[in-house]
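Taking the hints as your guide, dock the two standalone chains into a single complex.
Same order as they appear, the protein sequences are chains A and B.
First residue of the first sequence? That's 1 in our numbering, and the numbers climb one at a time after it.
First residue of the second sequence? That's 1001 in our numbering, and the numbers climb one at a time after it.
What the hints contain is simulated information worked out from the structure, not anything from laboratory work.
Honestly, I wouldn't trust all of these hints.
Incomplete in silico selection of chain A near chain B, CB under 8 Å [unchecked claim]:
| id | residue |
| --- | --- |
| 1 | Phe6 |
| 2 | Tyr8 |
| 3 | Met38 |
| 4 | Phe43 |
| 5 | Asn108 |
These stretches of chain A come out as covered by chain B in the derived footprint (C-beta under 8 Å, 3 or more residues) [to be verified]:
| id | region |
| --- | --- |
| 6 | 51-63 |
| 7 | 93-107 |
| 8 | 184-194 |
Chain A side only, calculated, beta carbon under 8 Å to chain B, not exhaustive [stated by the list, open to error]:
| id | residue |
| --- | --- |
| 9 | Met1 |
| 10 | Lys2 |
| 11 | Ala3 |
| 12 | Glu15 |
| 13 | Asp19 |
| 14 | Gly34 |
| 15 | Gln35 |
| 16 | Pro39 |
| 17 | Asn42 |
| 18 | Ala46 |
Glycine included, C-beta positions come from ideal geometry on N, C-alpha and C.
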Amino acid sequence: MKAADFDYQRPSNLEAALDLLDDESGDVQVLAGGQSLMPMMNFRLAQPELLVDLNGLEDLQFIREADGHIQIGSMTRYCELENSPLIQQHVPLFSKALPHIAHVAIRNRGTIGGSTALADPAAEMPALLIALDAIIVARSRHGERSIKAAEFFLGLYETALEMGELIASISIPISEAGCECGFYELARRHGDYAMAGVAITVQTTNPISEARVVFFAVSDRATRTEAVENQLNGVSTLAGEEMKNAMEEIGKLDFHGDLNADIATKQHLAKVVFKRAIAEIFS
Amino acid sequence: MINSQNISLVVNGEPVSASVPNRTNLVDFLRNQLGLTGSHVGCEHGVCGACTLEVNGSMIRGCLMLAVQADGAEITTVEGFTSRDKAAQLQRSFQKNNALQCGYCTPGMLASALEYVEAGGGADRAAIRQHLSGNYCRCTGYQSIVDAVVDVIEQGAKQ
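Bound conformation, chain B alone (with noise of 0.2 Å):
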């Protein structure tokens, strides 16, 4: 059996290649080779939402896929999100509306988050929700989270 391949990847901007475990996923390998530990692992089965991050221009569950399938991808996580507007915005909004308490679902919630407003998301607080509804928060009860989603949007939508 051969158990292991050799990967190139972009990874935040910066070119990467390792050698990975065919059975390492893709989360475990961007904090444990890599040393990238914003994005999280909660479930390990896609529910939860912690491991949200960018594949290829795409949000994806980072638990639910191979690093080995990463060969060749972009991948963006919380760590090079900050490079971009709305992201910066998102950060500050969260703090400003106490949207987060122990901050493990942070990352990923910010992942879907920045989804939805760089789409162009309305501030329609069900449709925020909705979008969601697949990071599970177990401090805020998500009020808080959906007021910074719509406060970023609103923000944007005066300027």
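Next comes chain A alone, as it looks inside the complex (with noise of 0.2 Å):
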């Protein structure tokens, strides 16, 4: 199908941007890669009346090192996470990850902010920002605020972002020495959405800390399971006892089937992604 019509702003800077998203009399969407936005308009899941193109904002294309973090304009794409050698040394999950997102074609124009702030269930970003601790910066006409990624992401396709506000930029912070990551997901064709994923980060110098398991498409948003990360924190390896624990506890999320696989199989695929993401860390 096709998408129904909408008015079209593409602002030249950030100032611009938040004054059209400022207006609360009319349904505004930001249009950031489209890559979702598009085919959700095409299908007429998604009919804004303004469309604000933030493909003109060169400000919000950045990815720097400052103050230990590394933060990363909201409208950096996919392609351009990958080509980074700053992400390619100190964030290895991303570098891990980021072939698993899509296609080629895909991440050539999506972005970081635009996965973020869409939050789908599906989706790696929201898992990867909780995994390594990231801030979002959101921004509005009325100021600029930090929000925890843990605290970010609320339900299927439900975040803290406020009308008026958009993500600015996200921040990263630089892993210590002795920090491993481990990804793993399972789906039907290579770059289709996962029927389950993890993302791991953890302190691997004996014994194990600082465990970080988030797990996404198994419910209505990224899920960060402390209950798991406890049987990590503490011991040397995972196995014996530990893992069969690990096993019970990730068997009790709260888990939402889709199309693609139904709670039984997404319990069951959960543990596999996990067994082989902790083998890949521990191997």
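Here it is, written out as structure tokens:
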């Protein structure tokens, strides 16, 4: 199908974009990479009156190192993240996960901010940001605020963003020595939305500490599971009794079925992806 | 509501100016207003890859970009690829390997294969399949398409 008609604005600076978003009278939608919004508009699931295209905002396109963080402008495209030496060096979890996000032609357009703002429960980016303890910087005409990724994703396509706000940048703490990461997802075809996936960061210096285990495509949002992390923290490797306990805890997650897999399948696959990601970290 | 815009862009090396409705996607504009029917419209939600084309040097989905967003852009479609060495080789190799039957996916498949070959991708079949995973073909079973891409890479290595 074709999208319904809409008004279109392409502001050339952030202030102008925020002014357009500040209009509470109409149905305003931000257009980032468009790789999810355009299909939704073509299906008429989204019919905004005004589309504010952020693709002219060069001040939202950057990857830089500052204050122990990697700061990424929200309009940075996936392909730019993949090719960035800073990301390769300091955010290895991104380097592992990015090739699984859709296909090259999608990654050439899709942006980190767009995926974060959409909060698709099957998307990789929310889980990655929670696992990395990232900070999401939101801007509106009334100022700026920082939101921890763990507090940003509230439910199915629901975030802590308020009316008039957009994501300006995302800040990822540079990991300390000894920090390892794992990522695994199962999809029907390479690049499809996952049937179940997991992102893990962990300090592997004996004993294991600071584990963060975040599942995606299993529930209504990316889900951090402290009960599973507790099985990892304090041991030297995950096996035997702790692995059995971890499996039990994974089974207790709030699973939601979707078109690709029902609840029982997702329960099984969540355990599979966790075991494979752990095996990769400790191999 | 202002529902159309004037855009100026370069398509296959030629400057173009046009008035386009906001809601028109790039591939519909190329096909319906410019008559460049090489890029195909399949699923209209970014899954099938039939509309894959080049914008400012990157392969993208023509159905997931608005024509108004292409203002100032440089666009190359399958009609414009042929002047590039690797594209011509891929086209001959697709023909030789029977890498198409109905041909619906072929322009998008060529675009994605061209991106892989021009970036210096190796003749590793798994890597080629991964790169082409965003392009659906319902005729060939992909085997012959991968054969065609491998042939071009191996010929390039011999030269």
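Here is how each hint holds up against the structure:
1. The criterion of a C-beta within 8 Å of any C-beta in chain B is met by phenylalanine 6(A), whose closest approach is roughly 6 Å, and the hint holds.
2. Because the closest C-beta pair between tyrosine 8(A) and chain B is about 4 Å apart, less than 8 Å, the hint holds.
3. Of the supplied interface hints, the one on methionine 38(A) holds, with its beta-carbon coming within about 4 Å of a beta-carbon of chain B, less than 8 Å.
4. A hinted interface residue such as phenylalanine 43(A) counts as satisfied when its beta carbon comes closer than 8 Å to some beta carbon of chain B; here the least separation is about 7 Å, so the hint holds.
5. Taken as an interface hint, asparagine 108(A) checks out: its beta carbon lies about 4 Å from the nearest beta carbon of chain B, inside 8 Å.
6. Proximity of the region 51-63 of chain A to chain B, defined as three or more residues with a beta carbon under 8 Å from a beta carbon of that chain, is established by the 3 residues found.
7. Counting residues of the region 93-107 of chain A whose CB lies closer than 8 Å to any CB of chain B gives 6, so the stated coverage by that chain holds, three being the minimum.
8. Chain B is given as covering the region 184-194 of chain A, and this holds because 3 residues of the stretch bring a CB closer than 8 Å to a CB of that chain, at least three being needed.
9. The closest approach between the C-beta of methionine 1(A) and any C-beta of chain B is roughly 6 Å, which is under the 8 Å cut-off, so the hint is satisfied.
10. A cut of 8 Å between beta carbons decides the hint on lysine 2(A): the least distance to chain B is about 6 Å, and the hint holds.
11. For alanine 3(A), the interface hint holds, since its Cβ comes within 8 Å of a Cβ in chain B; the closest pair sits about 5 Å apart.
12. Checking glutamate 15(A) against chain B by beta carbon gives a least distance of about 21 Å; that is not within 8 Å, so the hint is violated.
13. The criterion of a C-beta within 8 Å of any C-beta in chain B is not met by aspartate 19(A), whose closest approach is roughly 17 Å, and the hint is violated.
14. Given hint, glycine 34(A) at the interface with chain B, holds; its Cβ is 5 Å from that chain's nearest Cβ, closer than 8 Å.
15. The beta carbon of glutamine 35(A) is positioned within 8 Å of a beta carbon in chain B (closest approach about 6 Å), and the interface hint is therefore held.
16. Of the supplied interface hints, the one on proline 39(A) holds, with its beta-carbon coming within about 4 Å of a beta-carbon of chain B, less than 8 Å.
17. Annotation: asparagine 42(A) was flagged as interfacial toward chain B, and the flag holds, the nearest CB pair being 5 Å apart, inside 8 Å.
18. For alanine 46(A), the interface hint is violated, the least distance from its beta-carbon to any beta-carbon of chain B being 12 Å, above 8 Å.
Comparing the model with each earlier hint shows violations of hints 12, 13 and 18; every other hint is respected.
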